[in-house]
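Engineer: Chain residues, written in single-letter form:
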Amino acid sequence: MEPFNLLFGINMVLSLTKIFFLMVNLLFTVFLIVVVRQVFSMNTIVHDVHDEFILKITAVILLVISISLFLTAIVIL
Amino acid sequence: MPDIFVERHKIRKTAAKINEQLPIENTSDKSLLSPLSQKVHIFSSFCKNPSDIFFKNQEPNEKVLLFIRKHMITNIKWVTISVFFLIFPFFAVPLASLLSIPLFSFPAMYLIFFLLFYYLLAAAYIYVNFITWYFNISFVTNIRVVDIDFSNLIYKNIAATKLSLVQDVSFDQIGVIPTFFDYGDVLVQTAGTMENFDFESSPQPENVVHIVHQLIGKHGTV
Numbered sequence: 001m002e003p004f005n006l007l008f009g010i011n012m013v014l015s016l017t018k019i020f021f022l023m024v025n026l027l028f029t030v031f032l033i034v035v036v037r038q039v040f041s042m043n044t045i046v047h048d049v050h051d052e053f054i055l056k057i058t059a060v061i062l063l064v065i066s067i068s069l070f071l072t073a074i075v076i077l
Numbered sequence: 001m002p003d004i005f006v007e008r009h010k011i012r013k014t015a016a017k018i019n020e021q022l023p024i025e026n027t028s029d030k031s032l033l034s035p036l037s038q039k040v041h042i043f044s045s046f047c048k049n050p051s052d053i054f055f056k057n058q059e060p061n062e063k064v065l066l067f068i069r070k071h072m073i074t075n076i077k078w079v080t081i082s083v084f085f086l087i088f089p090f091f092a093v094p095l096a097s098l099l100s101i102p103l104f105s106f107p108a109m110y111l112i113f114f115l116l117f118y119y120l121l122a123a124a125y126i127y128v129n130f131i132t133w134y135f136n137i138s139f140v141t142n143i144r145v146v147d148i149d150f151s152n153l154i155y156k157n158i159a160a161t162k163l164s165l166v167q168d169v170s171f172d173q174i175g176v177i178p179t180f181f182d183y184g185d186v187l188v189q190t191a192g193t194m195e196n197f198d199f200e201s202s203p204q205p206e207n208v209v210h211i212v213h214q215l216i217g218k219h220g221t222v
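One line per chain: the protein sequences are A and B, in this order.
Read in order, the letters of the first sequence correspond to residues 1 to 77 in the numbering used here.
Read in order, the letters of the second sequence correspond to residues 1 to 222 in the numbering used here.
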């Protein structure tokens, strides 16, 4: 009975870790969506010909990485 | 076919033509509108006659004469924290084994995910701090003074006043570091109950005050 309890305990810890990780990642993704929106809105207020693209693409890349990490974590962890 | 090499005097002539068309009612010194404009790059914090930068509600005959952000040195705090964040994992692993913290009790896949997420957080921290600095801009145009405040991603404030309503300009440069790096707070006082403008940690504050003084028609005060 003991090995079963031990395995159950480990799985429980891993499952809770996964849920916690996913929750934090989700919140972070929402935060990044806000960042992207703000960057796009600020670029309409201040329009810099050269830097606009770099700023927007960086924000979008961060968001894409965050979403990818979230989706991968759901499947793999 | 676009010209790649254009003679310098031709550029000056074209710029001078543009400047002649500008309404500079309050400007006592028209040399402020130097014919050659400077390019603003992503790390610029002070630029006279910037080209390629525009703001919302800019009038067709309005030209940006001065472009100000906080001095680059004011970013030192978050840059240091970011560097610490970036190198922390390299020290965390030996430290954890030294203090016998069971860091590797998790499967390798979990650790990889934690590390990736950690670096994503660090990248977001750097990015958010950078755009907070980047979008805090002040403009002085031939018509008005514009101050754009952007902080903590949720606060945006855009204030503008006409040059004719500016009453006085002054600056504070307190401390060793601001004196060494030549930056300070520039205060633009406006008439009546209107909001005053504060260009925080502006590079070359003396120069800014001098330029605004010239624009509002005051001489020899600096």
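A couple of the hints might just be wrong.
Ranges of calculated distance between the beta carbons of each label pair, as one might list FRET restraints [said to hold, decoys possible]:
#, chain 1, residue 1, chain 2, residue 2, range
1, B, I154, A, L26, 15 to 21 Å
2, A, L14, B, Q173, 40 to 46 Å
3, A, S15, B, L86, 29 to 35 Å
4, A, V34, B, Y119, 18 to 24 Å
5, A, L27, B, L165, 40 to 46 Å
6, A, S15, B, N129, 21 to 27 Å
7, A, V64, B, K56, 24 to 30 Å
8, A, F20, B, T193, 48 to 54 Å
9, A, S15, B, Q38, 43 to 49 Å
10, A, V24, B, G192, 46 to 52 Å
11, A, T44, B, F84, 31 to 37 Å
12, A, V30, B, Y118, 36 to 42 Å
13, A, V75, B, K77, 36 to 42 Å
No lab work stands behind these hints, which were simulated from the structure alone.
No experiment lies behind these values; they were computed from the predicted model shown.
Don't be surprised by glycine CBs; every beta carbon is placed ideally from N, CA and C.
Engineer: What are the numbers of the hints the structure violates, in ascending order?
Structural biologist: Failing hints, ascending: 2, 6, 9, 12.
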